[in-house]
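K.L.:
Please build the complex by placing chain B on the supplied structure of chain A, with the hints as guidance.
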Amino acid sequence: MCACASSKKTRPNPSEQTTTRTTTTTPTTTTTTAEEATNYTTPTKNVLEQPPTSPFILRAPPSAKSKLILQNMEEVLNTVKQKHREKHKRKREEKRRAALLAEQATAIEATNAAAVPAVTATTTTTTPNGRHVLREKTARENGLSQAKRKSNGSPVKSSTPQSSIMKAEPAGKTPAKATNVFELMMNARNRSMGTNANGQELAEAVEPIVTPHSKRKQMLQEWNDRKGGAKRRLADEARGDYIEQKMEQRAKRLKKMLTQPNEPRERKQSNSSSQELPRVRKQTSSSQETKETISSQEAQSDSKQTQAQAASAPTKRMRGRPRTRRLSADVETALPVSADPDTLQFLSKLSSPTKKRDSLLGYFTKVESPQNSAEREKGKPEIKLIEEAIETPKRRPRASKTSSNLSVNVEETSATTTPSGRPRRSCAAKARYDYDLEVSPTKAVKPSPAVEENDCIEIIDLDNSNPAVTPKKLAPLFVRQVPKPSPDPTALRARQEFLHSGVPEKLKQEQQRQRSYEQYYEDSYELFPSIAHVGSERLEVKQASKRLPLRAEEQQEEDAATIARKPRPGSITSCTASDFVASRKRTPCSWTPLPQLDNKRAMVKNWKSIFDRFPTFKCYNQMREKYRHFSAIDAAQDTQPMGESFVMTRRTRRSIQQQDVGKEEDFHPPALAPNGELLFTEKYKPLLFEQVLVNLTPVQELRDFLANWSGASASNRNSQTLDDSSNDHDSSSMSGSCNTMVLLGPCSSGKTNAVFALANDMNFNVLEINAGMRRTGKKLIQELQEATQSHQIRKEAKAGAAPTQQLLQKLQQNGLKARRNQGDDDVRKSLILIEDADIVFDNIDAGFTDAIYTLAASSKRPVIIVASDPNCAHLQRLMQQNTIKFQAPNALNISRFLAVLALMENCPIELDELISLYLFNNQNLRKTLMELQFFIQSGGDAKREQVAVAAPSGSPSKSPRLATLPGVQIHQRLFEFYTSAQNVQHLIPFPVDFRLLRLNLGELLRHSTQLQSPSTPVARRVGKRKSCSPKKAWLNKSEAQEPLQTLASFYEQLSTATLLDATLEERNDRLQPHLSEQLAHELVERAVGTCLAAKNYAYNLFDKPEQRFNLSDQLGSFQLRSSCARSLDYEPAMRSICRSEKQRASLERRSSRFYHYLRNHTNHNLSSFSLELYDAACQVLQEQAPLVE
Amino acid sequence: MPEETGIVVVDKRNNLPWIEKYRPVKFDEIVGNEDTVARLSVFSTQGNSPNIIIAGPPGVGKTTTIQCLARILLGDSYKDAVLELNASNERGIDVVRNKIKMFAQQKVTLPRGRHKIVILDEADSMTEGAQQSLRRTMEIYSNTTRFALACNTSEKIIEPIQSRCAMLRFSKLSDAQVLAKLIEVCQLEQLKYDEDGLEAIVFTAQGDMRQALNNLQSTAQGFGEITGANVFKVCDEPHPMLLQDMLQHCASNDIHKAYKILAKLWRLGYAPEDIIGNIFRVCKRLNVDEQLKLNFIREIGITHMKIVDGCNSLLQLTSLLARLCMTAESH
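Sequence lines, in order, name chains A and B.
Quick note on numbering: the numbering used here labels position 487 of the first sequence as 487, and the sequence is numbered without any gaps.
Quick note on numbering: the numbering used here labels position 173 of the second sequence as 1362, and the sequence is numbered without any gaps.
Excised from the complex, chain A in its bound form (with noise of 0.2 Å):
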């Protein structure tokens, strides 16, 4: 195989010539037809055989007789292939029959595509060394899918594989060929494509021809592999005498064959290749017997030379000079020859490498370090070469060459090696082996078939039967490349180090130094370079030239504005660096507990005269009690002591009250933790039914619904054994309805401390599902099926009960004894308690509410439920049997409680604060006793020196001021805290409500200043404002500002403000500031600071008064397309079926389909979409229509 480098050596690049060749020719197909040829032929049967002949190639020139080796050399090639064979011939039988099989399925295949019979033929007969039979098929599939492509392919393809043709048949159309070669392109895709048995004989000719190419490189690869060391060296040339005689033999034999070219291929033909391979075998096993079995064997060293051949072939033919290529190829695989019979035992050494190749392993780890080994081998080779060629000075032109060639296909070898499953890498001469390495692996993968190399024994025959026509018949394609004169060996030897050299000097030391380039400038740079950067600034002069002539005018303003702006820094900012001097003295937070106020309740008698119909003094005690409690508690971690005083009743506790009226100075919070532990919302609830100073009504209701249920134990209570049979009787008697109860009412109007008071108070045990448990239907009715069923939890139910906090429990159990004194806990009948019942989230609390029914359906004891929303779809049904409707408390009674409250934690504030807290908090009464907490355990007001000075003033409203002792100082900054004042100065609270600014449109003109002149009384109308006439101080032209224009120009600026809030409107998202928000809030807040000139007051913007609505403020602004449509139309529209549908829905039971229809073409805010609403809008809009605009 060396030889056909060798023989090309004649030229400078033969392997890369070759290739350059098919590139060059078939750009597009090159590729695909290195693929071919590597699935047809080359594959494993080249890569595992050739590998013990290699040794012997490094001999090949020195021995090589030129003209005997041709003949020589294809026996040489058998007696290897025999050696292989006998070697593997068990593998080969496992293989054979695989072959069968694989024959027979490709046997189908081969009336498909004329391809793909050869490739079948090639699957049968491949490997001898065997690979496994999957490999094959693998093979032969991947085979299968090339051969279709090909069919299917262009003709360009098709043309590669008929150059080969062309070289294929030389012998016989020597001279008609070169005009032919579109004809013959032609007629064999045709036949390919067409009929069968022509297509496969064609496709067979065809194919091995285009292989060898491919597999002299991969023999070549194989060599180096095989190479050994000196060892190997000393053998061969012991063995030289020896092969020249066998060459000259086989040299004989040969031209013998080729005389008879047509039997072999008969042969083959005829025989599928199933059957031929036995015979092959036979021959194999039995290497030199009969002069058949030589044929037979010169076929396959046919095979092999025509393989070598025809990688040289198609160069050596464009030279015109195939003797002596045949020479080199022959003298190549001559020399393997001699080696075989007496190394046996180097063989079986140098076989590791082969076995290995064998099983999968081999391969792999063959894969691994293909290109380690390629380089190992790179530098041998050609030593040897050298060394050879000065041995023999005759042929040393030639072996220098040969060598330098070798070399080079060595290298390329090793670079095609790269297998494809591993990542290919070729860092010396990249460019030029790309595609070499594009072909390699599938070549390096693909199992060789044997019957293809048969093929090639028919071609070759050919090709030695007339050698001389063939240069003439090659396709003008091909010619290009010849024209190359072979380098003188300076340049080759050159250029073979500088393969060598793998990584050039220069690259390398290119690379050292950027790299130490790099660390230097790592070193010395940060992350972020201080120094300006460079190319900033050019772009910099750039622009400045490119815009001279504005921008040195601007430049020049520019400066000359800083320059004299820099007196006054602050312009663009509210602030300059010399404030900072100040700022910086920030007054260190203190914080001193409040006083403790001793005259609580003198206070509190004060303002009993004040609160009239509420219940100070029950207030008062019950949390003086409870403050007590709670103080003693954080003081002494313990709740025996006072546990059980706070739960007493009025009456006793008034008694006591008079004994220690001038002791209240007995609880001081503790130290430790001065704020105590709880919650104001869980300090001041109230634990039991007396405890409920607000919102009396429903929790009655509650309670006469709670107290049927508990009636009968109610009525023997002392009796333990309570007999079930009277309490079914009563629940029976109170019919299925009676056991459930919804509790509906707006946020923290006290639904659910309504309902644990209760039933601390009568002793229930609360099993309490919230959204806040998984609560599919399944494991809801799981859990309650014990209480559904049994009258009476004990006391390991508690466990699932509600965990409430521990203390709570102690107290609430305390108080309970006090009350009764009966030791009844476990015997306490289970409540079932359903928290926001109306939230259910469909995918993940599945039957949540099919088992809400179904409790109240089956349950033995009574159910309650408590939601919010009062139009929620899926308890309508439940609603409409029996229902508690809670209302937030009301402002004044609560802003008494709050008073109270505050005082007791030594804070008294006035109730006009919490009053407004409370409205601006929605009446959410929880959220106000939060911010209470925050507010008066943080200190109150926290600078005290600050004393009022906004004081809401202005509304005249408000109820009488607090009457205070001496002394004690109320706290009046929590509303300021909490709404306008808080961390900012805004006139107007940030993001303006422009509805609430409507609303409070009369407040903020009253306040105004510019519309009322200091000395004229106040003008409380518009139309009045008029008449009066003010002068504006701050205005030039004073007497041309009417109030009217004020107005006009304040209501401009609002108009404009609003038109910009609308804009906004349709963008929900408010994580980023909107400029036309800021822009609005802007526009109002500085008319009211200008144009009205607005006194700095707390106006009240927040109260919103509920009697006042908005029909399409409900129903969202984008329905409404014009104004005038809403104002002709709509609202009409809207009244007239408010009212009938008020109407239907008294007459009716289903009175939600309007609610239906209506929440479809509302956009916002469903939960809050409510019928009442439309009632009351209904009733609105007929008696106070002009209240709506």
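No wet-lab data here; the hints were simulated from the structure.
Beta carbons are placed, not taken as given, at the ideal position from N, Cα and C, and that holds for glycine.
Any given hint might turn out to be false.
[Said to hold, decoys possible] Derived pair list, reagent style SDA-like, types lysine to any residue, alpha-carbon separation capped at 20 Å:
#: 1; chain 1: B; residue 1: K1495; chain 2: A; residue 2: A1062
#: 2; chain 1: B; residue 1: K1288; chain 2: A; residue 2: M773
#: 3; chain 1: B; residue 1: K1482; chain 2: A; residue 2: L1047
#: 4; chain 1: B; residue 1: K1482; chain 2: A; residue 2: K779
#: 5; chain 1: B; residue 1: K1345; chain 2: A; residue 2: E1077
#: 6; chain 1: B; residue 1: K1482; chain 2: B; residue 2: R1512
#: 7; chain 1: B; residue 1: K1495; chain 2: A; residue 2: S1055
#: 8; chain 1: B; residue 1: K1453; chain 2: B; residue 2: T1507
#: 9; chain 1: B; residue 1: K1473; chain 2: A; residue 2: R774
#: 10; chain 1: B; residue 1: K1288; chain 2: A; residue 2: R774
#: 11; chain 1: B; residue 1: K1482; chain 2: A; residue 2: E1077
#: 12; chain 1: B; residue 1: K1473; chain 2: A; residue 2: E1085
#: 13; chain 1: B; residue 1: K1473; chain 2: A; residue 2: S1049
#: 14; chain 1: B; residue 1: K1482; chain 2: A; residue 2: E1085
#: 15; chain 1: B; residue 1: K1482; chain 2: A; residue 2: M773
#: 16; chain 1: B; residue 1: K1473; chain 2: A; residue 2: T1058
#: 17; chain 1: B; residue 1: K1473; chain 2: A; residue 2: K779
#: 18; chain 1: B; residue 1: K1482; chain 2: A; residue 2: E1052
#: 19; chain 1: A; residue 1: K779; chain 2: B; residue 2: M1291
[What the hints assert, rightly or not] Chain A residues, not near chain B, derived (Cβ > 12 Å throughout):
#: 20; residue: F705
#: 21; residue: R998
#: 22; residue: G1002
P.N.:
Frame of chain A; chain B shown alone:
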């Protein structure tokens, strides 16, 4: 901020962004919103803080405040007793029902008056379902666990949750506050700065401390020196000085000069949205008659509306100038 802590901080974390490096760890380092922060600092020492929601624009220290509170309140047991979930954590219904609840049920020994804290950062990004399932949990475990929520807008928090918390509103920092902090940082970082540069940063930050610090760092590392020119190289905005000149020209009814500036800005490639935004900001501080300024702002607002509607051509801005001149004339 005491110097020594600053130095320690510098030593410890050299490569952090300044926004992290100078993130306050004590309450008295927190800039702005003094009233609320002072109250929270009281709770950090006294304990028993109620549930809180802190709402405010970005970069004003909401998260920082909450973390300070938790750290000071809980001290060493911070790790055990704080559950912090922000928008990057999953906070669906399941998490609330399981993770948060489990955390609330955990027993952590804390001194009296101290509670475990669940920090829900960016709470407005929680789904409504998650919030709903949180509501009763907040109540039931209130004796052991308190919640601290931070959000940009309180409207996204459902009412039941709001009703269980004290609502604290943070506002944008004042320019002076931002400036003070900037100077502090500059001194700690030993930067060269001038008044112009700091002012420019303050202007670009618009009360957002985070942005201010980021801009400061960018400028410092990009150019080394904090000057006005450098700052505006980093934060490329229509230069407020130019805009100020422009508005002054408008106020003095000199449309030619004003237009020249505008045209230049336009040629520099600024988006009309940027230009109008900066015009507004500059106009707020413009040194002209209040009434005139008000009218200016109105005109700016109208133009902004048009720009938002898509009429963002130079023509619109030019017409703004014309109208401004007109108002100035009629004034």
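K.L.:
It remains to establish, for every hint, whether it holds in the given structure.
P.N.:
Going down the list of hints, with the structure as the test:
Of the pairs offered as hints, the one joining B:K1495 and A:A1062 holds, with about 13 Å between alpha carbons and a cut-off of 20 Å not exceeded. Distance check on the hinted pair: B:K1288 and A:M773 sit about 12 Å apart at the alpha-carbon level, within 20 Å; holds. In summary, the hint linking B:K1482 to A:L1047 is supported, as the alpha carbons are separated by about 17 Å, within the 20 Å threshold. Distance check on the hinted pair: B:K1482 and A:K779 sit about 65 Å apart at the alpha-carbon level, beyond 20 Å; violated.
Proximity of B:K1345 to A:E1077 is assessed by CA-CA distance (about 17 Å); at most 20 Å being required, the pair is judged to hold. The suggested pairing of B:K1482 with B:R1512 holds, with an alpha-carbon distance near 13 Å, which does not exceed 20 Å. Taken as a hint, the B:K1495 and A:S1055 pair is honoured in the structure, with Cα atoms around 15 Å apart against an allowance of 20 Å. This hinted pair checks out: B:K1453 and B:T1507 have alpha carbons roughly 12 Å apart, not beyond 20 Å.
For the given pair, B:K1473 sits about 53 Å from A:R774 by alpha-carbon distance, which is inconsistent with the 20 Å threshold. Using a Cα cut-off of 20 Å, the hinted pair B:K1288 and A:R774 holds, with the two alpha carbons roughly 12 Å apart. With a C-alpha separation of about 18 Å, the suggested pair B:K1482 and A:E1077 falls inside the 20 Å cut-off, and the hint holds. Restraint check for B:K1473 and A:E1085: satisfied, since their Cα atoms lie roughly 12 Å apart, inside the 20 Å limit.
Simply put, B:K1473 and A:S1049 have alpha-carbon atoms about 18 Å apart, close enough for the 20 Å limit, and the pair holds. For the hint linking B:K1482 to A:E1085, the alpha-carbon distance of about 12 Å falls within 20 Å, and the restraint holds. Taking the CA atoms of B:K1482 and A:M773, the gap is about 57 Å. The hint is violated against a cut of 20 Å. A threshold of 20 Å between alpha carbons decides the hint, and for B:K1473 with A:T1058 the separation of about 19 Å falls inside it, so the pair holds.
The straight-line distance between the Cα atoms of B:K1473 and A:K779 is roughly 61 Å, outside the 20 Å bound, and the hint therefore fails. As the CA atoms of B:K1482 and A:E1052 are separated by approximately 14 Å, the hinted pair is consistent with the 20 Å bound. About 19 Å separates the Cα atoms of A:K779 and B:M1291, which keeps this hinted pair within 20 Å; it holds. Remark: the non-interface label on A:F705 is consistent with the geometry, its nearest Cβ contact in chain B lying 22 Å away (cut-off 12 Å).
For A:R998, the shortest C-beta to C-beta distance to chain B comes to about 18 Å, beyond the 12 Å cut-off, and the non-interface label holds. Chain B leaves A:G1002 outside its interface by the beta-carbon criterion, the shortest separation being 22 Å against a cut-off of 12 Å.
The structure fails hints 4, 9, 15 and 17 (numbered hints given earlier, in ascending order).
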